[in-house]
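Sequences and hints are given; from them, build the entire structure.
Chain residues, written in single-letter form:
There are 2 protein chains.
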Amino acid sequence: MPLFSGISLNIPDTDKPRVVIIGGGFGGLYAAHNLDSSKFQIVLFDKRNYHTFQPLLYQVATAGLQADAIAGPLRTTFKKKKNFFFRLLRVQKIDPDEKLVFTSSGSLHYDYLIIANGCRSNFYGDEMMEKFSFPMKSIPDALNLRSQLMQTFEMAGLVKDPAKQRDLLSIVIVGGGPTGVETAGALSELRKHVLPKDYPDVDFSNMHIHLVQSGNFLLAGMAEKSCKRAYADLTKMGVEVILNSKVSSYDGYTATLTNGQTIATSTLIWSAGVKGDVIPGLKPEWIDHNKLVVDNHCKVVGSDGIFALGDIAILRTDKYPNGLPGVAQPAIQMGTYVGKNLCKIQNNEPLKDFKYFDKGSLATIGKGKAVCDLPNKKAFGGLLAWMIWAFVHITFLVSFKNRVKVFINWVWNYLTYDTGNRLIIRPYIRTNDRVAEKIVKDNEYSS
Amino acid sequence: MPLFSGISLNIPDTDKPRVVIIGGGFGGLYAAHNLDSSKFQIVLFDKRNYHTFQPLLYQVATAGLQADAIAGPLRTTFKKKKNFFFRLLRVQKIDPDEKLVFTSSGSLHYDYLIIANGCRSNFYGDEMMEKFSFPMKSIPDALNLRSQLMQTFEMAGLVKDPAKQRDLLSIVIVGGGPTGVETAGALSELRKHVLPKDYPDVDFSNMHIHLVQSGNFLLAGMAEKSCKRAYADLTKMGVEVILNSKVSSYDGYTATLTNGQTIATSTLIWSAGVKGDVIPGLKPEWIDHNKLVVDNHCKVVGSDGIFALGDIAILRTDKYPNGLPGVAQPAIQMGTYVGKNLCKIQNNEPLKDFKYFDKGSLATIGKGKAVCDLPNKKAFGGLLAWMIWAFVHITFLVSFKNRVKVFINWVWNYLTYDTGNRLIIRPYIRTNDRVAEKIVKDNEYSS
Numbered sequence: 001m002p003l004f005s006g007i008s009l010n011i012p013d014t015d016k017p018r019v020v021i022i023g024g025g026f027g028g029l030y031a032a033h034n035l036d037s038s039k040f041q042i043v044l045f046d047k048r049n050y051h052t053f054q055p056l057l058y059q060v061a062t063a064g065l066q067a068d069a070i071a072g073p074l075r076t077t078f079k080k081k082k083n084f085f086f087r088l089l090r091v092q093k094i095d096p097d098e099k100l101v102f103t104s105s106g107s108l109h110y111d112y113l114i115i116a117n118g119c120r121s122n123f124y125g126d127e128m129m130e131k132f133s134f135p136m137k138s139i140p141d142a143l144n145l146r147s148q149l150m151q152t153f154e155m156a157g158l159v160k161d162p163a164k165q166r167d168l169l170s171i172v173i174v175g176g177g178p179t180g181v182e183t184a185g186a187l188s189e190l191r192k193h194v195l196p197k198d199y200p201d202v203d204f205s206n207m208h209i210h211l212v213q214s215g216n217f218l219l220a221g222m223a224e225k226s227c228k229r230a231y232a233d234l235t236k237m238g239v240e241v242i243l244n245s246k247v248s249s250y251d252g253y254t255a256t257l258t259n260g261q262t263i264a265t266s267t268l269i270w271s272a273g274v275k276g277d278v279i280p281g282l283k284p285e286w287i288d289h290n291k292l293v294v295d296n297h298c299k300v301v302g303s304d305g306i307f308a309l310g311d312i313a314i315l316r317t318d319k320y321p322n323g324l325p326g327v328a329q330p331a332i333q334m335g336t337y338v339g340k341n342l343c344k345i346q347n348n349e350p351l352k353d354f355k356y357f358d359k360g361s362l363a364t365i366g367k368g369k370a371v372c373d374l375p376n377k378k379a380f381g382g383l384l385a386w387m388i389w390a391f392v393h394i395t396f397l398v399s400f401k402n403r404v405k406v407f408i409n410w411v412w413n414y415l416t417y418d419t420g421n422r423l424i425i426r427p428y429i430r431t432n433d434r435v436a437e438k439i440v441k442d443n444e445y446s447s
Numbered sequence: 001m002p003l004f005s006g007i008s009l010n011i012p013d014t015d016k017p018r019v020v021i022i023g024g025g026f027g028g029l030y031a032a033h034n035l036d037s038s039k040f041q042i043v044l045f046d047k048r049n050y051h052t053f054q055p056l057l058y059q060v061a062t063a064g065l066q067a068d069a070i071a072g073p074l075r076t077t078f079k080k081k082k083n084f085f086f087r088l089l090r091v092q093k094i095d096p097d098e099k100l101v102f103t104s105s106g107s108l109h110y111d112y113l114i115i116a117n118g119c120r121s122n123f124y125g126d127e128m129m130e131k132f133s134f135p136m137k138s139i140p141d142a143l144n145l146r147s148q149l150m151q152t153f154e155m156a157g158l159v160k161d162p163a164k165q166r167d168l169l170s171i172v173i174v175g176g177g178p179t180g181v182e183t184a185g186a187l188s189e190l191r192k193h194v195l196p197k198d199y200p201d202v203d204f205s206n207m208h209i210h211l212v213q214s215g216n217f218l219l220a221g222m223a224e225k226s227c228k229r230a231y232a233d234l235t236k237m238g239v240e241v242i243l244n245s246k247v248s249s250y251d252g253y254t255a256t257l258t259n260g261q262t263i264a265t266s267t268l269i270w271s272a273g274v275k276g277d278v279i280p281g282l283k284p285e286w287i288d289h290n291k292l293v294v295d296n297h298c299k300v301v302g303s304d305g306i307f308a309l310g311d312i313a314i315l316r317t318d319k320y321p322n323g324l325p326g327v328a329q330p331a332i333q334m335g336t337y338v339g340k341n342l343c344k345i346q347n348n349e350p351l352k353d354f355k356y357f358d359k360g361s362l363a364t365i366g367k368g369k370a371v372c373d374l375p376n377k378k379a380f381g382g383l384l385a386w387m388i389w390a391f392v393h394i395t396f397l398v399s400f401k402n403r404v405k406v407f408i409n410w411v412w413n414y415l416t417y418d419t420g421n422r423l424i425i426r427p428y429i430r431t432n433d434r435v436a437e438k439i440v441k442d443n444e445y446s447s
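The listed protein sequences correspond, in order, to chains A and B. The numbers in full-length UniProt numbering rise by one with no breaks, and the one at position 343 of the first sequence is 343. The numbers in full-length UniProt numbering rise by one with no breaks, and the one at position 244 of the second sequence is 244.
No wet-lab data here; the hints were simulated from the structure.
Distance condition first, Cα-Cα at most 30 Å in a straight line; then the derived DSSO-like pairs of lysine-lysine:
id, chain 1, residue 1, chain 2, residue 2
1, B, Lys131, A, Lys47
2, A, Lys80, B, Lys192
3, B, Lys160, A, Lys82
4, B, Lys192, B, Lys137
5, A, Lys160, B, Lys16
6, B, Lys81, A, Lys160
7, B, Lys164, A, Lys80
Structure (structure tokens):
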């Protein structure tokens, strides 16, 4: 008899209104923090038991940080919050008419629903790309990429032919937004400072880092000065930036670009786009471009008691006719706004409109190198920008322990250039690559 | 065309004698450290790219430490060592007549061979046990167990029936050696200090921790005073110690003991025994009880130029008629001895016999609770023993960075009782458990 029968959501009945939050990213986290436990029962659903600090995922992928430095268990985060219930599960469906959320462990009635489940990688229907490329949306994604990189370096040590070594070592990064730029910079620093010491038998001049961007600029959306500086810095660091081009196909071995170029690579990193992950059951008229259209109160337009936050929401304003940018700040501000407002809504008090406060944009390129756009669109770069970047990222990490871990790691890495997290703990095995798969199996280093 | 063709071991030819070391555990690590690079070419093979500090695996499993605090990349460890070559692979066969080592990436001639590939879990032929229990020999093992524990706690929150909650939460640890005792103690502290705060909806009085030991004493081999103290401390901490009994069968749901008792449990931890992992091709007459018989120079008796170290070697002495204990110190001392001696052997100089220096034994039970046997078999326990235990373990960690990480974690955990590594990053899915598997898949928290 299975041990796991008799499962229910096990949320106690309550006379308070129940708020169900879907997703423990920035939006859901700040909403839950700002909800008043004495007025509401708060239920948080997530498919992972931790919050991921996505802006630093690229450092986990490039072995600069250990995974748990940027992830915090959600239960621990809220252990002092009263009237709060976390459940690890995936939401399957929403019935907005009956106000029910359906999950793999049963259904639950809500009075208010906060949808903050974010986005997933968008491969625009390219199945080969989805199968063979490395996305960068989650901690398992980042660990898979790290494992792939380390295994590739090991394999390059077994290959004498420089052309083959080059094909093995070359990396293509698709998408020149912050993730692409930051990953390219981190890989370039690994190549220069860390890898040659670790792999004396590999010639890292054979490791080419290609960054492919569809538009005219890297970091599109930032001030032109920042875009240009990112391009100049990366180029100086030996990253081969290819503008105005896309990767039109990738078969696991060769990336073909729309400019006709082909690049042999076993590692293609996909940071080219995301799409909203709309849960089934919501009304089609609420959905636009895979996102939920919200009004100035972050309420899904036309719905009863449903709010949407962060990447899954589209809030059109005069300044942002296509919606707010898909970064942490809008999610944090929307979450805080909705969390604080529900009391007023419950009491039918008048509401102030949500106003997005642009705190500026930051992207780091390398040690002491970053670009910063201030809210007034003034831009600057270099060491000061990098220090601001580091300060802001440490500040927004969720727990004090995460902050300590990241800070110590950064100081260490800054002083030694030795990141030290280069362990292949769970080898990544690409399904199409029979030879690689066979080597891994023969070696049995998967345990 | 596959990227990974044309693979060879890529070890340069040399006019120096070549030493091949199999295994980067304590024995192989200390042998490589002590070999003179100016006199030998040193080649290290391991199936993992890191050294594992096995004595602290149980803290990784119980979420006290992150994995990379106790693992160090082997390439980084030896990056300053000249004439040293690391290769990530599994050795398939040895031909002692031709002095060849065969691997998945090609074969290599050796002048001296140091076999230090250690032991694996021994299930004594019980296939069900091997399939359903959680061993504790490697970092992936420890992470699987951690993931299983955290998932079980999550699931217990979904179950209202106290009997079912008890079945889910109960843990059986088989084997009362240091690993079993230390794991039981750590789980008991988690239950008391950490879990109730994280899982307010779970009644942890339903979590029973059973420690099953075949003999009369826990920590067999230590002084009787230490054995008794471990028993008394664990019992006081609420661990249900079952002496003079074995688990005779386990089907993934119920453990049946030789004393007739049955315990429903989804988590059975196997720390009951190991067996040597003898590589094919070695002469049968060299092998005894799955280990390689070595003489007082750690040389495999009857072989030409083959040495064996640590858990895979059996060195019988008057004091240890069944061989040295299977812990870190014999491996470290044998590795150091062989590494230093190869020069003398090469020059046909006379050798001193290897002498094992017993530095005593330590085991920790909980915060401020440990037992310590001094080399003279005097034993004591309590806070002082615990402080010595902590000091010794920090000292023998391989890298300075590992030491810093473990030290900071311990200070943190000591002060806060909050271990913080309770992330389910790669969910463990038990193959037999259709319901659990289905829940995990539905939830898609595997990504």
